[in-house]
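Chains S and W supply the protein sequences, listed in that same order. Residue numbers are given in the numbering used here: position 334 of the first sequence equals residue 334, and the series is strictly consecutive. Residue numbers are given in the numbering used here: position 349 of the second sequence equals residue 1059, and the series is strictly consecutive.
Read the hints as simulated data drawn from the structure, not as lab findings. In this text, a Cβ means the ideal position worked out from N, Cα and C, and glycines have one as well. A couple of the hints might just be wrong.
As the list claims (entries may be wrong) - Here are some, though not all, of the chain W residues that point toward chain S, as calculated from beta-carbon distances under 7 Å:
id, residue
1, V1104
2, G1116
3, A1124
4, R1227
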Amino acid sequence: MTTRTERHEDSMPTATPTRAPHVDVRTGHKPAEGRVGAGLFDPKQLLKSLPDAFRKLDPRVMVKSPVMFVVWIGSLLTTVFSFKDPGDWFGWTISAWLWLTVVFANLAEAVAEGRGKAQADTLRKAKTDTVARRLVGETEERVPGTELRIGDLVVCEAGDVIAGDGDVVEGVASVDESAITGESAPVIRESGGDRSAVTGGTKVLSDRIVIRITTKPGETFIDRMINLVEGAARQKTPNEIALNILLASLTIVFLLAVATLPPFADYAGTHLTTVVLVALLVCLIPTTIGALLSAIGIAGMDRLVQRNVLAMSGRAVEAAGDVSTLLLDKTGTITLGNRQASEFVPVSGATEAELADAAQLSSLADETPEGRSVVVLAKEKYALRERGQGELTGAEWIAFTAQTRMSGVDVDGRRIRKGAAGSVVAWVREQGGEVSEDAGALTDRISGAGGTPLLVAVEDTDGARVLGVIHLKDVVKDGMRERFDELRRMGIKTVMITGDNPLTAKAIAEEAGVDDFLAEATPEDKMALIKREQAGGKLVAMTGDGTNDAPALAQADVGVAMNTGTSAAKEAGNMVDLDSNPTKLIEIVEIGKQLLITRGALTTFSIANDVAKYFAIIPALFAAVYPGLDKLNVMRLSSPDSAILSAVIFNALIIIALVPLSLRGVQYRPVSADRMLRRNLTIYGIGGLIAPFVGLKLIDLLISLIPGIG
Amino acid sequence: MDPVLAGVLQLLALIAALALAHVPLGACMARVYSSDKHWRVEKWIYRGIGVDPDTEMRWPAYLRGVLAFSAVSVFFLYLLQRFQGHLPGSLGFKSIDPDQAFNTAASFVTNTNWQSYYGEQTMGHVVQTAGLAVQNFVSAAVGIAVAVALVRGFARSRTGELGNFWSDLVRGTVRVLLPLSVVAAIVLVACGVIQNFSGIHEVGRFMGGQQQWNGGAVASQEAIKEIGTNGGGYFNANSAHPFENPTPFTNLFEIFLLLVIPFSLTRTFGIMVGSRKQGYAILATMVTIWVGFIALMMWTEFAHHGPAPQIAGGAMEGKETRIGVGASSIFAVSTTLTSTGAVDSFHSSFTGLGGGITMLGMQLGEIAPGGTGSGLYGMLIMAVIAVFIAGLMVGRTPEYLGKKIGTREIKFAACYILITPALVLVFTAAAMALPTPAHSMTNTGAHGFSEILYAYTSAGNNNGSAFAGLNADTQWFNSTLGLAMVLGRFLPMVFVLALAGSLAEQKPVPATAGTLRTEKPLFTGLLVGAILIITGLTYFPALALGPLAEGLAS
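Only chain S is shown next, with the shape it has when bound in the complex (with noise of 0.2 Å):
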């Protein structure tokens, strides 16, 4: 899979956020190589990120992270020792290899971090010092952007940049949003209505608007994507202060066992010294997820921004992962946009080819979604080709308007009309023709089935009448049943909203394979619907971008509001999509999910490593005084040196290993939870139990080749 990050040479994103490919509309799927996971690492990073891997060996930065703090202190504590001993070569390999452990550790989350910090510059540039002209009464005054205030009026015309985020209260305007969303088509913002939010650091292109400025500076909504992508307004989340807890436990637990051995060991007839002690403790300890939890973390939030979504916080993340209800909307997200004929059906005594031929001249002139799909049908079910406006000669076009709720066109003597049922029968009625019985059938049938029907109505030699029926209906994307069949497998239901009445949002319903519907949907039924799920103990998740959505998008546990919605949207939701695809709610639950599975997976590794570490140290600790201990050595390293440094270092090399693996997250594919169980224990409890046998030995033969050792 490629980026934009992978396009630029120079491997950081330099003009706009990165962007993820873009997803297929129609079909709402990526190519096949794992929805998410869409994670890159490029190995320069690591040497980019150095210097800060070194500036985060800073205590006050250290001591968040407990398991890392007590690596840090160790290597300390060995450096000191070693200062005491110069001459003892093992000490200070011990200690280098600790502070490289340290550093390895800080390292993974720097590189976390300046992918953020590139997206964060860019940001910036949109954001430098811009000056607003404030309206004062009728008069305009020049004033720096943040000195505006909430309420504020500001006039922004052509090639200005919007000092700050608010709605549009007068006038119509492209803007182009090129900076925050990466998509460099200009959108139209207008007042009223739905599309009157604006954001500040976009562009305007045409025209003049007035705003009234809703944020204060500084936390506008660049300021807050800053923030979020920078990771500076990071906190940890409920899930990471709790796996935190336990590592600091397991840490205490294995801090108790080395504090405690000297005693023992000095019974038995054997001295242990600092750095051995260090060294078995660092080895114990879990540092491999330790190391890496917040990188992990970072980059699951950046998963989400790579896909133009900002989360407000690390804990919608994470409660996208625990949603078990997906409330979808129908049109634009299961559905295409707009309905498309999918069949002509002739009334008694008119035939299939008469009715296809009037319903394609009727709509030629038709440049409606509508309209060129009926065009299509003609072509590809009629063999029908698409004439050419101009080759009517003599041809009067008759455009809808929404008083007489039909187009047509008159050519040739013919008089073709297509509308609304009503407003046709009444036309042909007036020209005096009759109306074919089974039209009023016809019309209820389509109905019934979820569709909205056409009539098509021509008047010429044989006067006024009837043709037949244009079957309009909703199009369900492709690949929607398969997607809700996974979801469903991960446990997840889902609930169709639409405006439709009750039997056409069956219809659809059940064509797209959803779970189930909310037809003829208020917000209040919306409200009502997601607070009755959440009082069985289910997380909704859900999409909306107008105002009226705003209270149920507060109330969900994962509120995505559209980049094209009101600011009252975008604020009650926790998350903001830039590229406005409601069907990315599924890909942001999938990216939930995976943020949890890398933690527990990693998690299972580091702990299921020690039992290795164990074998490696404990007989070259005490098989002097015990030689039957030696048994235990069952990867026969060379000395106990050598297995004690091994050790170390394998402890060291593993966090680097992991690094792509944290950054890009486990893989992840929608099966049930049982599979996935197995699947991850094998790979990383079994996995994690024997390659630091593996690992251990191989560092140890090569240690033992240099000359002095082993």
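Place chain W on chain S using the hints.
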């Protein structure tokens, strides 16, 4: 018959008997702790101690009940021993010294039953029956009560109420432990265990010394000693003594008794949380570890290393010939994997690795199947930890039995698993670092270290068995072991009840296809692995310097 085959057959018979018994007993206990009717005798007790058995308690109130009752018990038992010399029916024994009285009081109230005295030479009828035997009942009932409170935490929602401690305590004693003990005592008497109030008999001189035999209410004491996973013997030789355990059948019967409640509680748990399968999963975890340990133990004890075991057909030192290597191995593993601590053979005389297995059994936290109640709650805590890690691996905030394992829950579970390793390791290290405690060792080298490690392992985990050899009746050992027992019993209970309270407040999360299935074999395997790695590894360095050093030497 080949002794190995005999051992295996006894194990199979034991498993069959437990499988049969756990179904009705588990169901019965579920009814006992869910019923809202009081027996008349129970009402008298409630009136006598002045409590309302129907008030629902939140976790702090429940904990206060546990702690207050236990504190009063320790105090009463301490005074009883201190004034033994002035009490009638004391067989002329004098009052107990303060340090030993504290140690013994702590020991019996915490269900540990560590004995730093010789029962038949120290305790008269009054202390044995009014003091020690009573605690044998109520300390076991307290354990079950706390376990039931935790189970209610999983079973209940949106309340935070965990039941009534006094009612759980009294019902456990009156409806479960007493009837079982009566039946068991009758069986034991029928098989030759003594039951009388006769005094001390001089029975001539064997091996140059003067020999005395005590009479006593041994069978009744023996029954609750095993059923309540107490383990404090009437005699110093404990179940190796022919008055306590005369035949191979009584031996097997005693093993059955000490396992029956802990195993049955898994069924109680399954019924109370509304899914027997969940109970089976916990049961399977316990059985896997228990059978695995027995297999290991038989393997090391039947291995013919050295001339003596070769002649005897196994490591017979310290084992009774009437019981044999196989049954002794089963007893040793069962008593250390529960919090019983009764012994029918001397763990110190087992092979080096065999001694290590008894220690590891206790160090796992005594959860397979563990003590009465304490085994279930200990295992559920480990299940919470395993669920947390495994739950993450299926991509959800971990849940167990429909309850989320969040920050609060993991905090309590993490504190729980810290306590016993801290007590065992810190006290052992202190004993090894100070000059005098080591004087109590009988052996030198690794075996000497094992004696002390075993003592604190046994006390911290409330087991009560001793490795033999260590002279534990010193001020140091009486005080520190007493402290380890008290802290090792009640600190974990604080976190268990806090966890229970937190779970009971939650609303349940409905299970979906995305939920981790904790009733499946896969989870059982994971739980066994987590227990062995997380708790087992903590003690690996210490074990290496004791039993492993000894056992791998040959």
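Now the hints, each set against the structure:
1. At about 4 Å, the closest approach between the beta carbon of V1104/W and any beta carbon in chain S falls short of 7 Å, and the interface hint on this residue holds.
2. For G1116/W, the suggested interface contact is upheld, since its CB lies about 6 Å from the closest CB of chain S, less than 7 Å.
3. At about 4 Å, the closest approach between the beta carbon of A1124/W and any beta carbon in chain S falls short of 7 Å, and the interface hint on this residue holds.
4. Look at R1227/W: its Cβ gets to within about 6 Å of chain S, closer than 7 Å, so that hint holds up.
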